[in-house]
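With chain A held as given, fit chain B onto it using these hints.
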Amino acid sequence: MRDFIKSTRFKILLAFLAFLVGIMIYSVTKGGYSVSGASFINTVTKPFRAASNRISMSMEGTVDKLSNADKYYEENERLKKQIGELNAQLTEYDAMKAEVEELRKFVSIKEEHEDYMLSQPCGVLGYVTNDPFKSFTIDKGSADGILVNCPVVTAEGLVGITVEVSEHVSTVRTILSPDLSVAAVASSSNADQGIIEGSITASENSRTRLIHVPKKNKLKRGDLMITAGSSGLFPKDYPIGTILDIGFDSNGLSVCADIQPCVDVTRLTSVIVITDFSGKKEEEKDEED
Amino acid sequence: MRRIKTTREHRIFRFKTALRWICYYLLIFISFIFMTAGTLYKPVILVPLALGIAINNNIYGSAVTGAVCGFLTDICCGKLFGYNAVILTFFCIAVNIVFELYLRNRFINYMIITVIASFIQCWLDYKFYYQIWGYEDVGRIFRKVSLKVWIYTVISSVFVYLLLKLVNRLLMPREHLTIEEAINTNIQTENRR
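If you read the protein sequences in the order shown, they are chains A and B.
The opening position of the first sequence corresponds to residue 1 in the UniProt record's numbering, with each subsequent residue numbered one higher.
The opening position of the second sequence corresponds to residue 1 in the UniProt record's numbering, with each subsequent residue numbered one higher.
By construction, these hints were calculated from the structure, which means they are not laboratory data.
Be a bit skeptical, because a hint or two may be false.
Calculated Cβ distances over 12 Å to all of chain B for the following chain A residues [claimed, not checked]:
id : residue
1  : Leu125
2  : Lys134
3  : Thr137
4  : Ser177
5  : Pro214
6  : Leu268
With the Cβ distance kept under 7 Å, some of the chain B side facing chain A (calculated, not the full set) [to be verified]:
id : residue
7  : Thr36
8  : Thr39
9  : Tyr41
10 : Asp74
11 : Cys77
12 : Gly78
13 : Arg104
14 : Tyr135
15 : Asp137
16 : Phe142
17 : Val145
18 : Leu147
19 : Val149
20 : Ile151
Heads up, the beta-carbon is just placed ideally off N, CA and C, and yes, glycines get one too.
Extracted from the complex, chain A is given alone in its bound form (with noise of 0.2 Å):
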């Protein structure tokens, strides 16, 4: 031991852990980080380390999938689920906003005409096959109250009547059809009366006639018409169409028109029922009662 201690090596080795002890010291005195020989280190180890700890990482990784596999299947199911529900709720949130529009537009209706007994919103449930007159069924019936000869309108215009009416479907024909006869008035004068009649070509461009107008009268492009209600079927003062071009009829004894109705009959979504009016015609009720 004695001959240890007098070695050589044991001075160096003396030398040498004092030598880390100085380090030591003056890594103290500076935080530990700011050793030149520590950032060299560090630098020089630094990619080999980012290797190591991106495998380390990435096995631990595996290895916490393995071991939670139960556990993430489960959250992702919950956050699936999760995001299935906020997609219905957006949906019906949508839907509910379009139909809070559309009833906004209904009750405009209500407050303009006082005196109407309005159905309550008919959805469009499709188009009769092939008809040129655009005739469509609603899925409103006698069960919600509406008759035969009922208006059907928007909040835009006169869309037409109900023919045909079941306990919860009815069968509405439109204002472009030739069956279909609405007195009419241009609404800047009052005065100037016609018969607002469907026609196998106007149809075609959906669009109506104005017919049996007296050759004395004001009427011009783009004037409003508007329904006269002296047929008892229509409330007074409801638009109907614009018209488009003024001309004679066939015959040269009266001037028809062109007229585009307010509402595009073809791309209809909802519409409402007048089940009453002031002004109905009587014979109705009778029939009721």
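Just chain B now, kept in the frame of chain A:
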């Protein structure tokens, strides 16, 4: 002469027949939905479908199918309930008899029959629902609606034929021969050679 059929064959026969009719009525339902959708002019696809079914099946089934297709056509086309049912039932019975007695089950024969039957259906529709009421320019309806619908129907009948052929190929039970019939058929074939 009694046919040799095992209980298993009976079961298969009944199962295939039931499945075939389910397929037919599923096609009818899909066609009805197709016809009621949208606002464009569409083929009256139930006509070629009813005729195609009538060609390959017994007369009672054909008549009932014709009536069902007719009623559905009436509903979606907004016609008098039963109007097309009568027309299609008559067509189906007639087609069934004609194919049983005179015509072979070929694509060209089916097309000829469909072209004639659908034209008559469109023409009657035009006559009773437009021309009879004397609308102004009523001829335009025939040219622009009836003929268009007829052409669409004829075109659609090609697809209907293919669909029905597929259903029949998969689900139409084949006739089983007795041993005696098989021998006789074989002898006749040999003699012809």
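Tested hints:
The Cβ of Leu125 (chain A) sits about 8 Å from the closest Cβ of chain B, inside the 12 Å cut-off, so the non-interface label is violated. With a least beta-carbon separation of about 7 Å from chain B, Lys134 (chain A) fails to lie farther than 12 Å from that chain, contradicting its non-interface assignment. Not every Cβ of chain B is farther than 12 Å from the Cβ of Thr137 (chain A); the closest lies at roughly 8 Å, contradicting the non-interface assignment. Under the 12 Å C-beta cut-off, the non-interface status given to Ser177 (chain A) relative to chain B is violated; the minimum distance is some 10 Å.
Interface exclusion of Pro214 (chain A) from chain B stands, the closest Cβ pair being 21 Å apart, more than 12 Å. Not every C-beta of chain B lies more than 12 Å from that of Leu268 (chain A), the closest at about 9 Å, which undercuts listing it as non-interface. This hint holds: Thr36 (chain B) has a C-beta 5 Å from the nearest C-beta of chain A, less than the 7 Å allowed. For the restraint placing Thr39 (chain B) at the interface with chain A, the shortest Cβ-Cβ distance is roughly 5 Å, inside the 7 Å limit, so the hint holds.
Using the Cβ-Cβ criterion of 7 Å, the hint placing Tyr41 (chain B) at the interface with chain A is satisfied: the shortest such distance is roughly 5 Å. Interface hint status for Asp74 (chain B): violated, as the beta-carbon distance to the closest one in chain A is roughly 10 Å, over 7 Å. Contact between Cys77 (chain B) and chain A, as hinted, is supported at the beta carbon level, the nearest pair being about 5 Å apart and thus within 7 Å. Hint status for Gly78 (chain B): holds, given a least beta-carbon distance of 4 Å to chain A, under 7 Å.
At its closest, the beta carbon of Arg104 (chain B) sits 33 Å from a beta carbon of chain A; the interface hint therefore is violated under the 7 Å criterion. The beta carbon of Tyr135 (chain B) comes within 5 Å of a beta carbon in chain A, closer than 7 Å, and the hint placing it at the interface holds. The beta carbon of Asp137 (chain B) comes within 5 Å of a beta carbon in chain A, closer than 7 Å, and the hint placing it at the interface holds. Interface hint at Phe142 (chain B): violated, since its Cβ lies 10 Å from the closest Cβ of chain A, which is beyond the 7 Å cut-off.
A hinted interface residue such as Val145 (chain B) counts as satisfied when its beta carbon comes closer than 7 Å to some beta carbon of chain A; here the least separation is about 5 Å, so the hint holds. The closest approach between the C-beta of Leu147 (chain B) and any C-beta of chain A is roughly 12 Å, which is over the 7 Å cut-off, so the hint fails. Evaluation of the Val149 (chain B) hint against chain A yields a held restraint, the C-beta minimum of about 5 Å falling below 7 Å. At about 12 Å, the closest approach between the beta carbon of Ile151 (chain B) and any beta carbon in chain A exceeds 7 Å, and the interface hint on this residue is violated.
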